[in-house]
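If you want the building blocks of each chain, they are given just below.
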Amino acid sequence: MLIDRTVFRFVAAARGRLAGVVALGLAASAAAVATAFALAEVVTRVLAAASSGNAGELSAAFPPLAIAAALTLTRAALLWWREQASVQAAVEVKHRVRRQLVRHLFHLGPTHSRRVRGGSVQATLVDGVEHLQAYVGFYLPQVVVSLVVPTALVGILASRDIGVALLVAAGVLSVPVAQRVWRRLLGRRANHHWDAYETYAARIADTIAGIVTLVSLGATQRAGRRLAEQAEHLRAATTANLRASLGVYVVTNTAMGAGTAGATVLAAIHAAQGHLQPADVLLVLFLAAECFRPLQDLQTYWHEGFYGLSAARGITQLLDTPPDVAEHPDARRATLNTPPAMKVHHVGYRYPDAPLDALHDVSVDIPAGSTVAVVGPSGAGKSTLVQLLLRDIDPASGSITIDGHDLRDVPLNQLRGVTARVAQDVVLLNGSIWDNVRLAAPAATRAELHEAIRASRVDEMASALPAGLDTPVGERGNALSGGQRQRVALARALASRAPVLVLDEATSALDAENEALVTQALHGPGADARTTIVVAHRLSTVASADVVVVLDRGRVVEAGPPAELARTGGAWARMLDIQRESLRTAARATRPLQDATHHDGAAR
Amino acid sequence: MNPPAPGTPLVSRTGLRSALGRSWPIFATCVLLNLVSVAAGAAGAAVGAWAVSRAILGASADDLVTPVVVVAACVAVRAGATWLEAWLSHDLSFQMMSRVRGWIFTSLARIAPAGLARRRTGDVATTTLADSEALEIFYAHSSIYVASAAITTPVLAVGLGIVDPVVAVAVVPVLALAGIAPLMLRRRALRHGQAIRDTLAELAADVSENAGAVREIVGYGITADREERIRELDQRLGRLQVANARRAGLETSVAGVVAILCVLVAGAVGAWRVGNGTLDATLLAPAMTLAGFTPAALLQLIGVTRHTGTTHQAAQRIAALLYAPTPVDRSGTATIPGTGTIGLTAHQVGFTWPGTADGPPTLQDVNLRIAPGENVAVAGRSGAGKSTFAALLARFADPDDGEVQAGGTDLRALHPQAMAAAVGLVPQDVFLFHDTIRANLLLAVSEPEGVDDDALWHALETAQIAELVRTLPDGLDAVVGERGAALSGGERQRLALARAILAGARALVLDETVSQLDVSSERDVRDALAADRTGRTTIVIAHRLSTLLGAERIVVLDHGRVVGDGTHHELLETCATYRELVEPQLAALP
Chain A
1 MLIDRTVFRF VAAARGRLAG VVALGLAASA AAVATAFALA EVVTRVLAAA SSGNAGELSA
61 AFPPLAIAAA LTLTRAALLW WREQASVQAA VEVKHRVRRQ LVRHLFHLGP THSRRVRGGS
121 VQATLVDGVE HLQAYVGFYL PQVVVSLVVP TALVGILASR DIGVALLVAA GVLSVPVAQR
181 VWRRLLGRRA NHHWDAYETY AARIADTIAG IVTLVSLGAT QRAGRRLAEQ AEHLRAATTA
241 NLRASLGVYV VTNTAMGAGT AGATVLAAIH AAQGHLQPAD VLLVLFLAAE CFRPLQDLQT
301 YWHEGFYGLS AARGITQLLD TPPDVAEHPD ARRATLNTPP AMKVHHVGYR YPDAPLDALH
361 DVSVDIPAGS TVAVVGPSGA GKSTLVQLLL RDIDPASGSI TIDGHDLRDV PLNQLRGVTA
421 RVAQDVVLLN GSIWDNVRLA APAATRAELH EAIRASRVDE MASALPAGLD TPVGERGNAL
481 SGGQRQRVAL ARALASRAPV LVLDEATSAL DAENEALVTQ ALHGPGADAR TTIVVAHRLS
541 TVASADVVVV LDRGRVVEAG PPAELARTGG AWARMLDIQR ESLRTAARAT RPLQDATHHD
601 GAAR
Chain B
1001 MNPPAPGTPL VSRTGLRSAL GRSWPIFATC VLLNLVSVAA GAAGAAVGAW AVSRAILGAS
1061 ADDLVTPVVV VAACVAVRAG ATWLEAWLSH DLSFQMMSRV RGWIFTSLAR IAPAGLARRR
1121 TGDVATTTLA DSEALEIFYA HSSIYVASAA ITTPVLAVGL GIVDPVVAVA VVPVLALAGI
1181 APLMLRRRAL RHGQAIRDTL AELAADVSEN AGAVREIVGY GITADREERI RELDQRLGRL
1241 QVANARRAGL ETSVAGVVAI LCVLVAGAVG AWRVGNGTLD ATLLAPAMTL AGFTPAALLQ
1301 LIGVTRHTGT THQAAQRIAA LLYAPTPVDR SGTATIPGTG TIGLTAHQVG FTWPGTADGP
1361 PTLQDVNLRI APGENVAVAG RSGAGKSTFA ALLARFADPD DGEVQAGGTD LRALHPQAMA
1421 AAVGLVPQDV FLFHDTIRAN LLLAVSEPEG VDDDALWHAL ETAQIAELVR TLPDGLDAVV
1481 GERGAALSGG ERQRLALARA ILAGARALVL DETVSQLDVS SERDVRDALA ADRTGRTTIV
1541 IAHRLSTLLG AERIVVLDHG RVVGDGTHHE LLETCATYRE LVEPQLAALP
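Going down the list, the sequences are from chains A and B.
To convert, note that position 347 of the first sequence is 347 in our numbering; the numbers rise steadily by one, no gaps.
To convert, note that position 580 of the second sequence is 1580 in our numbering; the numbers rise steadily by one, no gaps.
If we strip away everything but chain A, and leave its shape as in the complex, we get:
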């Protein structure tokens, strides 16, 4: 049976409704059993009339027939009712689970969604929860019916003929027993089949997702051939397994068939030997099949059970994932200045399973109202520092403070309220540009929002769009270019008037002209009311910062005002040199070629 402990926490809330569903299912079965009694009576009376040779006695067969008809109609009504009760119970359960999941998703915070496979949260929250519907509403109640009805019927049969009852009981029992034995026999082999299948499906998904790359490499035919070969290989490898694993399906089916037929035949033999009354033989004939009906119904719900159980496990796993940062029980609102100062004290951090520290003994002073730039090569730890400052993650050692309060002692809500971030991979929410700016500051006036829109040059960009600020940004902002998205995100951050602004590679997708304009805006009016932290590859973005922090391999190699650092000839000065040098050599290299290529190079 496809049940484990994980499912009970979901159904507990809808216990009452589910009990109702079970009661209706049992009532429907009872109607079928009563019908079997009535039908047995019909045939008994017909046969009695036939053997007595008195055709007039035949009319006695019609009252039980009418009763059987009434019972059948009752059963139809009960089944109809049960279906609706099932769905209602399931809807209630799904509703609770979804609410819990959404809440937990937000509770898990930004780091979780980047760790898990894209789409897996959606799969759990939408399809996974939907799979609970048939599982909770139909499969679970049917499990109860399948336990109760055959047991009761075997009891009734035992009162008439113990041999027949034992035969039916053996047939009924063989279904769960066969499933268990089979699972043990096949064990890993059966799982291997499913794993191979899943791997193949994942490979197809991956190949299709990369179709553009395949086209541009001229590799589609090769990839298509390889997929076909793999499918054929998988088929050959799993066919033998399949033959064996289908065995259980056949055994249970045969047990049901043999149980019914065997009981009937045995009853006939007992009747011929005079051990069994005619009415009881006929009862066996019509009742034996009813013992197996709930099991058969359960088997038709097998897929629902299978998906439901694995969905329940997926849901449990998500709900039981602890968030990276937890609210400290003693956290209480801190009194913060506008703008606040932040300090990083000897912070160390290592990602799970990473061989080296991402940050090691890092200390950075971010004075109130200043602009601090963080630079360094890829992998230096810049993004990790940003995540720590915004408390997406907590440091392994050391601490980070805001106006002297450890971030871990400040309520998450407050901390998130005073910070605003513009990330490299900007995500916009479906809606218009205006909606996206407004969501950061629902209480702001139109004038205030327009100010943020102007400062981030969104007005310029929007004027070129068909519907201006009302232009929809599309799913995740896909209708806009990367640079356009970043500008909207910047407007959103400015509109929030958060006193701490963090720009994590926020201008990487802007062209140089726009970048300069945006950088100007950041230093424009209102800049003093903000503490700004800028992470960038491009030195032009950070040259105007108050303080530059150069990170390399998780350590601070130097920090100070950029002009001062340029004079001391350290890491920052070297970075500037490389940039200047590369410009100079590049410019020199082009010079000798300029006459040669220019004239015959351009067709116009």
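Some clues are possibly wrong.
FRET-style restraints, in silico, Cβ to Cβ [what the hints assert, rightly or not]: (1) A:Arg313 with B:Pro1325: 43 to 53 Å; (2) B:Pro1325 with A:Ala529: 49 to 59 Å; (3) A:Gly524 with B:Gln1428: 24 to 34 Å; (4) B:Ala1076 with A:Ala196: 30 to 40 Å; (5) A:Arg183 with B:Ala1130: 23 to 33 Å; (6) B:Thr1066 with A:Ala70: 34 to 44 Å; (7) A:Ala196 with B:Asp1429: 37 to 47 Å; (8) B:Asp1429 with A:Asp127: 19 to 29 Å; (9) A:Asn413 with B:Gln1417: 27 to 37 Å; (10) B:Asn1002 with A:Ser310: 30 to 40 Å; (11) A:Asp127 with B:Ala1486: 53 to 63 Å; (12) B:Asp1429 with A:Arg313: 41 to 51 Å; (13) B:Gly1303 with A:Ile3: 17 to 27 Å; (14) A:Leu73 with B:Ala1005: 21 to 31 Å.
Counterexamples of contact, computed for chain B against chain A with all Cβ distances above 10 Å [unchecked claim]: (15) Gly1007; (16) Pro1337; (17) Ala1503.
A few chain B residues that don't get close to chain A, going by computed Cβ distances all over 12 Å [claimed, not checked]: (18) Gly1015; (19) Leu1032; (20) Leu1035; (21) Ala1176; (22) Ile1180; (23) Val1207; (24) Val1265; (25) Thr1352; (26) Pro1354; (27) Glu1461.
Simulated from the structure, these hints should not be mistaken for lab results.
C-beta: ideal position from N, C-alpha, C; glycine also.
Dock chain B against the given chain A, drawing on the hints supplied.
Quick look at chain B alone, frame taken from chain A:
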């Protein structure tokens, strides 16, 4: 295997026929086995009922030997047929799965990337795979039940007719009810199914948006808002599902009583026939039992028709893909002579992306000649048409006006293999397959067997990524994770660059390929490319001044037109657009 001819409805007999192809004997065998298994079950039960009746009417135990043997034989036949049918139908479903997915893959390869427009290919992959499962279920399961219902039901009715023709005739209306009930409710079922799916899709879109934007939602404190939206959608979904259950419950209740109804009708008519002496009393119970079996195949059918809505929807989406017009006809056969570097030429090129027709063209009157071996940068503001130009060079789309040539041949005339060998594009968002570094690189060559590790390392070194690969415990055999997730953005870009270098494209188009590298890494990549540029034309699309300055010549695009062409120094003097682009970067240098 090629998809069906355009316009063939997928969920239809012709669709089934073209999907089955050479697999049709398996299909026919499954239908036959289904008939055998239902018939054996019915025969066994009927003979059992006959034995019971004879025993009641005084037969001795010895007289029952024959029926007992027949019943045992029926049980055995049924078991064998069930097993064989289950096995064959799984095999068939496997073949159908691989076939339908093959169609989808072939079609995607035919229309990508222009035909995918702005759809994200990752989403296309997920939806089409889910859809292909629904279609596979139709071909390998539902169709078998439809065929079986059409064949088995009459056979069983005839069997009942042999026992007693009048009873058989009386049962037919009940069978008709079982067959018609789902058809009558079908329209409503489709409507309900549609509404439920639409709501689910809305819910899925909302959830996926929330999951992708947790950072923003939590950061701006709008969680309550978002929770409320999900709650509302979920409630709407629940109401629809309860409404749907009212209809589905009718089907369930018909399915749950139709067999008993058949038995009842057979009992009533049979009793009357026994009374007037036209039916042997021992045949009443067998007739009733047999009647109970006649709707068996129809019940299987009712079981699968519940999914009709899903199947049709899935088929529609797949058909839209299979029968989509070919945006870029790749049936050319020409090749470019030689193996060395080639020049690229744009002649009077004009182009507008499909679906954006109301604006000005994306590119217009673009004339450009890039000499063999030349290193050219393309500059311009966001939206100036740079990436579109790169897409045309790589023949992701064909120009509306004019032509693009490689080595003097119109790209449209080239054989796909020759095209891939001529121009290699490394896009802004590179894609790596969930496989080893080696496999990702070898994808680029037509005969992977002939490539040794030295060639791989050379490509990796040129792209300045060899050092990183050497530090990985598995080296070339390290798996890059889903879409290269184990690597950073800059590392992914360099690996894609190595792949393009290994492909040996005679002209390389780099669309912002180094944008995620820091300045010194970028310089290293550029130097390595320059040192290795033996026989390769390079076109770089870039914002960064340092990248622009690394080129021999810079072409400036603005609003889809070429507005400048020359060296950095020339352009500074002659091209206002260029000056606006680079001056802030020059000024920012201390």
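Going down the list of hints, with the structure as the test:
Separation of arginine 313 of chain A from proline 1325 of chain B is about 44 Å and conforms to the stated range, judged on CB atoms against 43 to 53 Å. About 56 Å separates the C-beta atoms of proline 1325 of chain B and alanine 529 of chain A, a value consistent with the hinted range of 49 to 59 Å. Take glycine 524 of chain A and glutamine 1428 of chain B: their Cβ atoms lie about 30 Å apart, and the range 24 to 34 Å holds. Between alanine 1076 of chain B and alanine 196 of chain A the C-beta distance comes to about 33 Å, which sits within the given range of 30 to 40 Å.
At about 28 Å, the CB distance of arginine 183 of chain A to alanine 1130 of chain B agrees with the hint of 23 to 33 Å. For the pair threonine 1066 of chain B and alanine 70 of chain A, the beta carbons lie near 38 Å from each other, so the given range of 34 to 44 Å is met. For alanine 196 of chain A paired with aspartate 1429 of chain B, a C-beta distance near 31 Å fails the hint of 37 to 47 Å. A beta carbon spacing of about 27 Å between aspartate 1429 of chain B and aspartate 127 of chain A agrees with the range 19 to 29 Å that was offered as a hint.
Between asparagine 413 of chain A and glutamine 1417 of chain B the C-beta distance comes to about 59 Å, which lies outside the given range of 27 to 37 Å. Range check, asparagine 1002 of chain B to serine 310 of chain A: Cβ separation about 36 Å, and the 30 to 40 Å hint holds. The hinted window of 53 to 63 Å between aspartate 127 of chain A and alanine 1486 of chain B is violated, with their beta carbons roughly 27 Å apart. As the Cβ distance of aspartate 1429 of chain B to arginine 313 of chain A is approximately 34 Å, the hint placing it in 41 to 51 Å is violated.
The given range of 17 to 27 Å is respected by glycine 1303 of chain B and isoleucine 3 of chain A, whose C-beta atoms sit roughly 23 Å from each other. Hint check: leucine 73 of chain A to alanine 1005 of chain B, Cβ distance near 50 Å, so the stated range 21 to 31 Å is violated. For glycine 1007 of chain B, the non-interface assignment is confirmed: its Cβ lies about 23 Å from the closest Cβ of chain A, beyond the 10 Å cut-off. Every CB of chain A lies more than 10 Å from the CB of proline 1337 of chain B, the least distance being 18 Å, so the non-interface label holds.
A cut-off of 10 Å between C-beta atoms contradicts the statement that alanine 1503 of chain B is not in contact with chain A; the least separation is 6 Å. Separation of glycine 1015 of chain B from chain A is adequate, the least Cβ-Cβ distance of about 21 Å exceeding the 12 Å criterion. Interface exclusion of leucine 1032 of chain B from chain A stands, the closest Cβ pair being 17 Å apart, more than 12 Å. The beta carbon of leucine 1035 of chain B sits about 16 Å from the closest Cβ of chain A, which is more than 12 Å, so the claim that it is off the interface holds.
Interface exclusion of alanine 1176 of chain B from chain A stands, the closest Cβ pair being 17 Å apart, more than 12 Å. At roughly 16 Å from the closest C-beta of chain A, the C-beta of isoleucine 1180 of chain B stays outside 12 Å, upholding its exclusion from the interface. Consistency note on valine 1207 of chain B: stated as away from chain A, yet its beta-carbon is not over 12 Å from all of that chain's, at 5 Å minimum. Here valine 1265 of chain B does not stay apart from chain A, with its beta-carbon only about 10 Å from theirs, under the 12 Å limit.
No Cβ of chain A approaches the Cβ of threonine 1352 of chain B within 12 Å, the least distance being about 15 Å, so the stated non-interface status holds. In this structure proline 1354 of chain B is separated from chain A by more than 12 Å, as the shortest Cβ-Cβ distance comes to about 15 Å. For glutamate 1461 of chain B, the shortest C-beta to C-beta distance to chain A comes to about 18 Å, beyond the 12 Å cut-off, and the non-interface label holds.
Hints 7, 9, 11, 12, 14, 17, 23 and 24 from the list above are not met by this structure, while the remaining hints are.
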